[in-house]
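**Student:** On the provided structure of chain E, position chain L as indicated by the hints.
Protein sequences appear in the order of chains E and L. Residue numbering for the first sequence follows this note's numbering, starting at 6 and increasing by one per position. Residue numbering for the second sequence follows this note's numbering, starting at 6 and increasing by one per position.
If you're looking for bench data, these hints aren't it; they were derived computationally from the structure. Do not take every clue at face value.
Which copy? The list can't say, so a pair holds if one copy fits it or any two copies do.
As the list claims (entries may be wrong) - Taking lysine to any residue and the SDA-like style, the derived pairs with C-alpha atoms no more than 25 Å apart in a straight line are:
id	residue 1	residue 2
1	K136	M199
2	K103	Q11
3	K169	E68
4	K94	E76
5	K213	I105
6	K169	H89
7	K169	E63
8	K94	N20
9	K213	S9
10	K17	L75
11	K242	D146
12	K234	A52
13	K234	L210
14	K94	A81
15	K94	D82
16	K169	R122
17	K213	V153
18	K169	E107
There are 2 protein chains.
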Amino acid sequence: MKPSNQLTAFLKSENEWLPSLSIDCVIFGFHNGELKVLLLKYHNVDALALPGGFVRQEESIDEAAGRILLERTGMADIYLEQFHIFGQKDRQNHLFNKTIIEAQGILLPAGHWFIRRYVSVGYYALVEFSKVVPAPDYLSDSIDWYDVQALPPLLLDHRQIIQKALDTLRTLLAHNPAGFSRRAAPLLPETFTMADLQQLYETILGQKLLRTNFQRKMLSLEVLERVDKKWTGGAHKAPYLYRFTPHP
Amino acid sequence: MKPSNQLTAFLKSENEWLPSLSIDCVIFGFHNGELKVLLLKYHNVDALALPGGFVRQEESIDEAAGRILLERTGMADIYLEQFHIFGQKDRQNHLFNKTIIEAQGILLPAGHWFIRRYVSVGYYALVEFSKVVPAPDYLSDSIDWYDVQALPPLLLDHRQIIQKALDTLRTLLAHNPAGFSRRAAPLLPETFTMADLQQLYETILGQKLLRTNFQRKMLSLEVLERVDKKWTGGAHKAPYLYRFTPHP
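Just chain E, same shape as in the assembly:
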């Protein structure tokens, strides 16, 4: 297999990047009652991976996260938030990087910059599943949504990175539900029923909640406004539709 010109140029670009530092993006969507995460499949590699990349010498890490997401997935203007830095000494991403490059027909010499140790900054985002059309980049065969409750084999420590992002969401939801509800807006359509919202909460928490308690709690947070009844045919049984109030 002949390596692409793009890849060959990239492997010579050492001086453009901050050494030692990488970024991985955990992009959450919600569809059919499942919390999903966006994963890439590299050419000729069996396991999947989070969209990730490096930091340019002249950009901030926040700027790098946005650019990486755009380049690797085609998604622009997504609000990304850093949640943790993964700095174990045995992350072994040099092996990961070696694997994906060798799968493209290039043998990297020992000590090549691309196969040194990297500490990775994790960013996460909550996006509207229906509005996002991810596109794979030149390194990847495909990019797709996967249920976080049934993840396929992942490269490196990407399973732990997703778990930590999920823990961050759960902590926010448990201890700051108003803050969570506002941030979670992109996971739901513009108007939704209380049952839709409860399903989202249950999916993220991985446990069932009592319907009456949930409704009372949500209404007390003053982050929802009731807009209309959902038309279901039988008018007296139609559930109310809600939407999130605008951010203050």
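**Tutor:** Just chain L now, with coordinates in the frame of chain E:
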């Protein structure tokens, strides 16, 4: 001034460290009703700085944070928690590093590893003011506690790093008071009055709280146990003493 052998050796040690990455430690203590933070004064430099350093090739970032705190302050076995990574492109720590080295009589050539761009991982800890005896290292004249409400001029973005650590504490206290109370144990003596605890909360939040509300809220969290009355001379007015229940 003749540079120390230790400094000369350090400046030649580029290959021992992960490039681009530094660590800064925000160590909080509480004394005389003031929330304090530990700061170093480098030789011949006017502004103060957080204890910081680099990550060895063969250690995790958590291990690095503990080692750096020990080397720079003499403090061992402190529970440090990462809270944010500071990756603005204009942190200009190359200027900062140039300043502290030149103040020791060494001129660094352009491009020297010590004056390249660094992204810094912030760690914080809450420690017992009375049990900690910080000691300055070979780069510093002194190490001391400073009131976070009246910080002296600081090098680099260290004021923002302290502010972000304080915001992290405030968020924890506001949204997860039980979690905060357990973590805050080192800030108070083993037994304390409700007024002592309230003063700590007020100091961190930077605002006054209602005494009766505060007491009711704290007791409802089930993180405190009442141990005895404080002896004050007038027995019927003596306040109760409390301590934190052991971590579950």
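**Student:** Work down the list of hints and note, for each, if the structure agrees.
**Tutor:** Structure-based check of all given hints:
no., hint, in the structure
1, K136 / M199, "within (22 Å within a copy, 52 Å between copies)"
2, K103 / Q11, "within (17 Å within a copy, 37 Å between copies)"
3, K169 / E68, "both (22 Å within a copy, 19 Å between copies)"
4, K94 / E76, "between (28 Å within a copy, 20 Å between copies)"
5, K213 / I105, "neither (40 Å within a copy, 57 Å between copies)"
6, K169 / H89, "both (8 Å within a copy, 15 Å between copies)"
7, K169 / E63, "between (29 Å within a copy, 23 Å between copies)"
8, K94 / N20, "both (24 Å within a copy, 16 Å between copies)"
9, K213 / S9, "neither (49 Å within a copy, 63 Å between copies)"
10, K17 / L75, "within (22 Å within a copy, 39 Å between copies)"
11, K242 / D146, "neither (47 Å within a copy, 75 Å between copies)"
12, K234 / A52, "neither (45 Å within a copy, 62 Å between copies)"
13, K234 / L210, "neither (27 Å within a copy, 42 Å between copies)"
14, K94 / A81, "between (32 Å within a copy, 21 Å between copies)"
15, K94 / D82, "between (33 Å within a copy, 20 Å between copies)"
16, K169 / R122, "within (21 Å within a copy, 28 Å between copies)"
17, K213 / V153, "within (17 Å within a copy, 43 Å between copies)"
18, K169 / E107, "neither (30 Å within a copy, 42 Å between copies)"
Of the numbered hints stated above, those contradicted by the structure are hints 5, 9, 11, 12, 13, 18, listed in ascending order.
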